[in-house]
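Asks: Chain by chain, the residues run as shown.
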Amino acid sequence: MGLDIRWPIGLMFSLIGLLLAGYGVLNRAASLSTAGGSEININLIWGAVLLVFGALMLLGAINGKKNPPAK
Amino acid sequence: MQPIQLQWIDYTILIAYVVFVLGIGWALSRYMKTSADFLTSARSIPTWVTGLAFISANLGALELVGMAASGAKYGISTAHFYWVGAIPAMIFLAVFMMPFYYGSKARSVPEYLKMRFDERVRALNSVAFAVMTIFASGISMNALAKLLHSLLGWDYNVALWVCSGVVLLYVLKGGLTSAIYTEVLQFFMIVLGFAPVVYLGLKDVGGWDKMTTALHGVSKGNGFAENAWSSAWQPLLGGPSANPMGVDLFAMVFGLGFVLSFGYWCTNFLVVQRAMAAKNMTAARNTPLVAAVPKMFFPFLVIVPGMIAIALTSMPDKGYRVPPPIVSQENYSKAVAVVKAANAADSAAAVTAVADALGKKVDAAKVGALVAANAGGKLSDDQIQTGLYNAIAEYDYDGVILSLVKKYCPAGLLGLALTALLASFMSGMAGNVTAFNTVFTYDLYQAYFAKGKSDSHYFWMGKVITVVGIVLSIGAAYFASMYNNAMDIIQLVFGFVNAPLFATFLLGMFWKRATGTGAFLGLFGGIASSALFHALTTTGSNLDAAGHVINGMKGGYLSVVSKFPSEMAQNFWLAAFAFIACFALTLVISLATRSTKSDEELKGLVYSLTPKTVDHNLPAWQQPAFLGILMLIVCVILNLLFW
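First to last, the protein sequences are chains X and R. Numbering-wise (the numbering used here), the first sequence opens with residue 1 and increments by one. Numbering-wise (the numbering used here), the second sequence opens with residue 1 and increments by one.
Hints were generated in silico from the structure; no laboratory data involved. Being a predicted model, the structure only gives us computed values, none of them experimental. Don't take every hint at face value.
One-sided excerpt, in silico: chain X residues whose CB lies under 10 Å from chain R [unchecked claim]:
1) F13
2) G24
3) V49
4) M57
In silico negatives: residues of chain R with every beta carbon more than 10 Å from chain X [to be verified]:
5) K146
6) W161
7) V184
8) V322
9) A344
10) A355
11) G376
12) Q385
13) A528
14) A592
Listed below are several chain X residues computed to face chain R (Cβ distance under 10 Å; list not exhaustive) [said to hold, decoys possible]:
15) L3
16) L20
17) S31
18) I42
19) A55
Every residue gets a Cβ at the ideal spot worked out from N, C-alpha and C, and that includes glycine.
Given the sequences, and given the hints that come with them, work out the whole structure.
Replies: Shown next, in the form of structure tokens:
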């Protein structure tokens, strides 16, 4: 089928990652998790993780477009 | 418990997910031209995609919720459902069985049975499978709608119809390909949505070692050896009384690891369909092997949260409890009134009255303390209600995973985790519906109702059946919400139907002498023996002091010939018994009847008559046999690590 699934996956996780990380920066107080005693801005950290994952998927999709697999 | 208030960020994440899922359906709709495109993806999909879809179709939300619950109840031994109950069967499917499914050009598992045996076996399998998928999807959607209702305060009907509507739209637009593609998206959503909960939970208990130490205390507190929750195999070696599952080694390895697991992974069209959609034979065979990689590590995502939860309950400073069963606000209000009116001097009377008002068992000491603390009306209604919530001495283990999500996730991350949960429900429903429409269209409609029509007719019918499948699932969901007991009966009956199935396939694929009559009667005999086994056995806890059966649903309603330490042990033994009965019957009846198929007809369907697939020209990392051995080694290492 003509759709490379890495495009929607990459786009969606990049978008959600940006949203989550952005929310973490702007709403620091509401983004803290105090599990285990120390405070961490989990939205910022996890948003960044999602963003990296999304970007990797997009890279894969771009690469796949440049070098289409042999039929 | 008050419903969670979602913030705009949570809704945005949820909506983004729904938009992308629908977008995939739309993007694929222009490729849907024939019934094969719609129902079988025209065998066009790359391995990593079918592999992740294979695992995602199986990863319904009931699994997420149920595995965390079992993790809490039984500890790391729950991982046997993966390491024993899945990986070996997935490898067997890839290496030995896929060549027949894919090579025979059958479009479904029932169609393979027709080619190998005859119409009767296909009819039996396809009807049972079609009914089962509808109920499976209905049960799961009912659970989702209930959850959204209790957790977010959404209306049950709206939640049910909207979620089903989304699945309908994308499956209708893009068919099986759409279901498979979204399953891949959902796979990543589930992993990335729940991973932070596990991370935060582990951090909170102080790391893996601290959690294990806490679990040692829990094990001892429950009267087991200290490693009962934290070792996978050692408690099993001690026999049924030494592990919280109440299971012995034979039942675990033969019942679960062989009969139940091979029966599910190797014959269930829901998962096999994903591999059959792969673009070529190698891709089809490697599909379950690609799936085996995440499957092996899923216990860390789905079982560990349950273990974290149980460890937390043993740490009083964490203020965590396994959630109690849901109690209506009306009953809470009644109980609050009881506490207010209670006399601290007569706490025994107060305990009974509170238990009656809540309709649940309560911890007498905690109710007593609550009444004493409130003496003179010192507590607010909310404080009393929180006290009551903590005093309920019953546990809803299915609520464990969400209680952790609620505990650890701030707004934002909460939206992500809930979206992951929604994704798991949707992937489960879409998986069932796409398997249902293929089996119904090809194995029932085309086979018995409308032979020899044009492809565009079957394409149209496939779409109609998709709508019908969703509507029936919604009906099944309402049915499940009304009659809990009826659902238990249905699941029980399907247990009977599924238990013997693998024997039929094993003999069919590896013994050319197996006949249609042998398979058909053997399958029936196997189903009947499992029903009989259930009617004659029960669990020790299902007998009252006089030795009478309490609940016939748990077996023993004819007579009690044997009793098992737990329901799980009873199920595993039932499966083993049904398999042996079906195997023996098929064998004997086949020998007594004449085969109606010539060797030529059985080519590509039976092991000894099929040319072996040649893999030597492939690089090692693409050879199913090599990959299978590799997966097996990794799986053994995991078992040894958690020995």
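Asks: For each hint, tell me whether it holds in the structure or not.
Replies: Taking the hints in turn, this is what the structure says about them:
1. A cut of 10 Å between beta carbons decides the hint on F13(X): the least distance to chain R is about 7 Å, and the hint holds.
2. Nearest Cβ of chain R to the Cβ of G24(X): about 7 Å, under the 10 Å cut. The hint holds.
3. For V49(X), the interface hint holds, the least distance from its beta-carbon to any beta-carbon of chain R being 7 Å, beneath 10 Å.
4. Because the closest C-beta pair between M57(X) and chain R is about 8 Å apart, less than 10 Å, the hint holds.
5. Interface exclusion of K146(R) from chain X stands, the closest Cβ pair being 26 Å apart, more than 10 Å.
6. The Cβ of W161(R) lies farther than 10 Å from every Cβ of chain X, with a closest approach of about 24 Å, so its non-interface assignment holds.
7. For V184(R), the requirement that its beta carbon stay farther than 10 Å from each beta carbon of chain X is not met, with the minimum near 6 Å.
8. A cut-off of 10 Å between C-beta atoms confirms that V322(R) is not in contact with chain X; the least separation is 18 Å.
9. Here A344(R) stays apart from chain X, with its beta-carbon at least about 36 Å from theirs, past the 10 Å limit.
10. With a minimum CB-CB distance of about 34 Å to chain X, A355(R) clears the 10 Å threshold, and the non-interface call stands.
11. Look at G376(R): its CB is around 34 Å from the nearest CB on chain X, clear of 10 Å, so calling it non-interface holds up.
12. Every Cβ of chain X is farther than 10 Å from the Cβ of Q385(R); the closest lies at roughly 25 Å, confirming the non-interface assignment.
13. With a closest Cβ-Cβ approach of about 44 Å to chain X, A528(R) is found to remain outside the 10 Å limit, as its non-interface label requires.
14. Listed as a non-interface residue, A592(R) keeps its Cβ farther than 10 Å from every Cβ of chain X; the least gap is roughly 49 Å.
15. A hinted interface residue such as L3(X) counts as satisfied when its beta carbon comes closer than 10 Å to some beta carbon of chain R; here the least separation is about 5 Å, so the hint holds.
16. A hinted interface residue such as L20(X) counts as satisfied when its beta carbon comes closer than 10 Å to some beta carbon of chain R; here the least separation is about 5 Å, so the hint holds.
17. Given hint, S31(X) at the interface with chain R, holds; its Cβ is 5 Å from that chain's nearest Cβ, closer than 10 Å.
18. For I42(X), the interface hint holds, the least distance from its beta-carbon to any beta-carbon of chain R being 6 Å, beneath 10 Å.
19. For A55(X), the interface hint is violated, the least distance from its beta-carbon to any beta-carbon of chain R being 14 Å, above 10 Å.
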